[in-house]
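**Student:** Here is how the chains run, residue by residue.
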Amino acid sequence: MLIELRDVNKTYNNGQPLHVLKGINLNIDKGEFVSIMGASGSGKSTLLNILGILDNYDTGEYYIDGRLIKGLSEKQAADYRNHLIGFIFQSFNLIGFKTAVENVELSLFYQGVSRSKRHALAMQYLDKLGLADWASHYPNEMSGGQKQRVAIARALITNPKIILADEPTGALDSKTSEEVMQLLGRLNREEGVTIIVVTHESGVANCTNKIVHIKDGVIGQIEDNRQHSASVFGTSTIMK
Amino acid sequence: MKDVFTEIWESIRRNKLRTSLTGFAVSWGIFMLIVLLGAGNGLRNAFSQGGDQFASNTMMYGGGWTSKAFDGLKEGRRIRIDEKDVQLTGSDAFAAHIDDVIATVSTDGTATYSNKSVSVSIEGNYPQRAKMEKIEILEGRYINDKDIAGKRKVVVVAQNTAEALLPDLTPARELLGKHIKIGNFSYLVVGISKSDRMRGNNMIAAPFSTIKTIYNKGEDIDDITFTFHGLNNEKANEDFENQLRATINLRHRAAPDDKRAIWIWNRFTQNLQMNKVGSILNVALWIIGLFTLLGGIVGVSNIMLITVKERTHEFGIRKAIGAKPWDITKLILTESISITAVFGYIGMFLGMLTCELLDKTIGQASVSIMDEKIAMLVNPTVGLDVAIEATIVLIIAGSLAGFFPARKAAKVRPIEALRAE
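Note that the protein sequences, when read in sequence, are chains A and B. Numbering-wise, the first sequence is residues 1 to 240 according to my numbering. Numbering-wise, the second sequence is residues 1 to 421 according to my numbering.
To be clear, the hints were calculated from the coordinates, so they are not data collected in a lab. Every value quoted in this text rests on a predicted model; they were computed, and no experiment measured them. Accuracy of the hints is not assured; some may be wrong.
[Unchecked claim] Derived DSS-like pairs (lysine-lysine); straight-line CA-CA distance at most 25 Å:
#1 309/B <-> 75/A
#2 75/A <-> 181/B
#3 146/B <-> 116/B
#4 411/B <-> 117/A
#5 408/B <-> 117/A
#6 259/B <-> 98/A
#7 408/B <-> 75/A
#8 16/B <-> 75/A
#9 98/A <-> 411/B
#10 84/B <-> 98/A
#11 70/A <-> 411/B
#12 98/A <-> 2/B
#13 181/B <-> 70/A
#14 309/B <-> 84/B
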């Protein structure tokens with residue numbers, strides 16, 4: 001198992017204690033393309049943050065590739081995030097004063113990769129995502145879809161074990177959303193990248209091969225969606 | 001390292017006005033520090049210029065008036081020191097510390113050369129005085145032993161005195177080898193000495209024996225000067241002075257602890273005190289300068305805090321993709337140090353320029369107090385040592401300014417940072 005969650009609990013103590021995750025058990029294998037689907041307040045974002053080592057959990061165990069992720073120092077957590085995980089965010093989270101290629105390079109910068117080497121690699125990834133001509137453009141000069149592809153390139157460049165996508169289509173129109181989801185699907189199929197998508201849109205979830213439903217901090221049904229027939233709006237569109 | 005500076009440059013470029021305004025405060029702080037220290041140095045140099053011209057291990061004493069009744073004699077009695085005091089000073093009693101002892105007699109008179117005359121102070125001196133008072137001979141020579149032995153009528157004339165005796169715009173060396181008249185006698189000018197800025201009078205030095213004979217001074221002398229060794233602190237000097245005073249006072253039937261019966265002028269302790277005053281002045285100027293700089297540092301710290309606040313989201317992104325807390329700290333610290341250092345150096349450069357300017361203007365001027373020319377500032381500049389110290393101060397200041405903002409940036413959890421806008 002690449003990812004193993006055993007009875008993970010998380011409570012927020014902001015005045016009124018809020019038990020967000022109530023004993024999550026989840027296994028995700030290498031090469032899976034999974035979506036975690038739930039309404040807002042279901043705990044899916046908290047789960048994603050824990051999966052991404054951005055937040056810690058109270059009780060239970062979380063393993064990535066056999067490594068227990070618990071009680072890490074900030075430094076260790078940063079190191080794991082850098083090497084094991086690639087993030088794709090709803091709002092892209094590109095650094096505005098850096099060009100596309102500089103944004104992609106940044107993950108490697110924190111690995112201490114030399115300037116020329118990381119530049120070459122970043123160009124290679126941008127090229128793969130069809131953005132080679134946009135390398136020296138700043139994020140505000142690009143469309144939403146292009147920005148998200150830059151973010152995907154940044155996530156992929158460290159060759160991480162998992163790609164975590166938090167509402168990757170949330171800020172995109174339906175056509176671009178479809179393109180992005182197809183891109184993720186292709187990366188999963190052709191390169192065997194493990195991808196976890198968190199979403200509240202059934203259309204997006206339908207693009208993935210497995211749908212994990214989460215509700216009120218508990219994992220409900222886990223659907224096998226290899227037929228991509230989960231969406232009530234049909235198989236090939238993302239309804240906006 | 002180049003990457004770090006690229007990052008800093010990107011950040012500064014986005015906030016040009018803010019950075020330069022704060023930078024100005026830092027420049028101003030360092031500028032003030034350098035100018036203050038430069039002016040302080042100038043003041044100290046002017047201060048110690050008088051002291052510098054003497055060998056620092058000389059003491060001088062002469063007769064005064066008693067201030068205490070002693071041995072049946074009333075106070076207010078004039079003490080005149082004489083040849084016996086010279087012998088006593090040079091005797092075995094003080095041999096542990098005293099080396100050379102010389103006496104001086106002096107008298108006032110009028111010196112005349114061709115048709116010009118000036119009133120002068122004529123000192124009967126020994127050859128050793130040249131070394132003790134670091135008298136600089138510009139032309140010819142100083143009094144020598146043969147002059148003393150032969151009671152020769154020779155004189156060494158100070159440059160300004162010589163110029164006063166010669167027709168206008170004639171160089172002082174023209175007087176060398178000429179005869180000048182003082183009182184009823186004619187003297188051969190054997191040397192021209194550098195004018196003594198501390199003494200306003202026209203000075204002429206002649207052999208001790210000559211003056212003593214011509215002016216019929218008998219046993220009386222004006223003052224005694226001696227060099228000493230082995231007295232390295234104020235306590236030792238004070239003890240020695242008390243011992244000397246007691247011995248000389250008793251010989252003149254004055255109370256041994258009467259500080260007015262003879263006066264003692266110790267150049268060594270005077271220099272010590274002057275140095276002490278100088279270093280206190282220096283410390284005071286550093287404190288004033290550092291407090292001025294503090295304003296700038298607080299400014300830098302302030303903009304770094306704003307920067308951190310503005311960039312929290314960006315730091316969140318960086319952390320999410322693998323920046324360690326130290327990477328973030330480093331970013332803020334180096335930015336803070338760079339701003340302080342760059343603007344500090346601008347301030348330092350302008351400060352040094354101002355010091356040079358001071359040197360060229362006020363540094364060359366002097367004020368006249370009672371006919372004495374006193375320089376206000378002598379060489380009011382700072383050395384490499386101050387530049388290095390200021391650099392260290394800047395780096396410490398920059399780190400200090402960046403420390404709290406950097407810690408704040410590093411401490412914020414990535415998930416909160418990502419939520420910030």
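**Student:** Keeping to a limit of 25 Å between CA atoms, is the pair of residue 408/B and residue 75/A held or broken?
**Tutor:** Status holds; Cα separation ~16 Å.
**Student:** With the threshold set at 25 Å, check whether the alpha-carbon distance from residue 411/B to residue 117/A stays at or below it.
**Tutor:** Violated, at roughly 31 Å.
**Student:** Would you check the hint for residue 98/A and residue 2/B, treating anything up to 25 Å between C-alpha atoms as holding?
**Tutor:** Holds, at about 16 Å.
**Student:** Measure nothing beyond the straight line between the CA atoms of residue 16/B and residue 75/A; if it is 25 Å or shorter, mark the hint as holding.
**Tutor:** Since the Cα atoms of residue 16/B and residue 75/A sit roughly 33 Å apart, the hinted pair is violated (cutoff 25 Å).
**Student:** Can the restraint linking residue 75/A and residue 181/B be considered satisfied, given a maximum Cα separation of 25 Å?
**Tutor:** Not OK: residue 75/A and residue 181/B at ~93 Å, beyond 25 Å, violated.
**Student:** Regarding the pair residue 309/B and residue 84/B, is the alpha-carbon distance no greater than 25 Å?
**Tutor:** Distance ~85 Å between residue 309/B and residue 84/B Cα, so the pair is violated.
**Student:** Under the criterion that the straight-line Cα-Cα distance not exceed 25 Å, is the pair residue 84/B, residue 98/A satisfied?
**Tutor:** Judged against 25 Å, a Cα distance of about 92 Å means the pair is violated.
**Student:** Mind checking the alpha carbons of residue 98/A and residue 411/B for me, to see if they're no more than 25 Å apart?
**Tutor:** Answer holds: residue 98/A to residue 411/B is near 24 Å, not above 25 Å.
**Student:** Are residue 146/B and residue 116/B close enough, with their CA atoms no more than 25 Å apart?
**Tutor:** violated, 30 Å
**Student:** Between the alpha carbons of residue 259/B and residue 98/A, is the straight-line distance 25 Å or under?
**Tutor:** violated, 81 Å
**Student:** Has the given pair, residue 309/B with residue 75/A, been kept, meaning a C-alpha gap of at most 25 Å?
**Tutor:** Distance of about 21 Å is within 25 Å: holds.
**Student:** Can the restraint linking residue 70/A and residue 411/B be considered satisfied, given a maximum Cα separation of 25 Å?
**Tutor:** It holds: about 19 Å lies between the C-alpha atoms, which stays within 25 Å.
Violated hints, in rising order: 2, 3, 4, 5, 6, 8, 10, 13, 14; the structure is consistent with all others.
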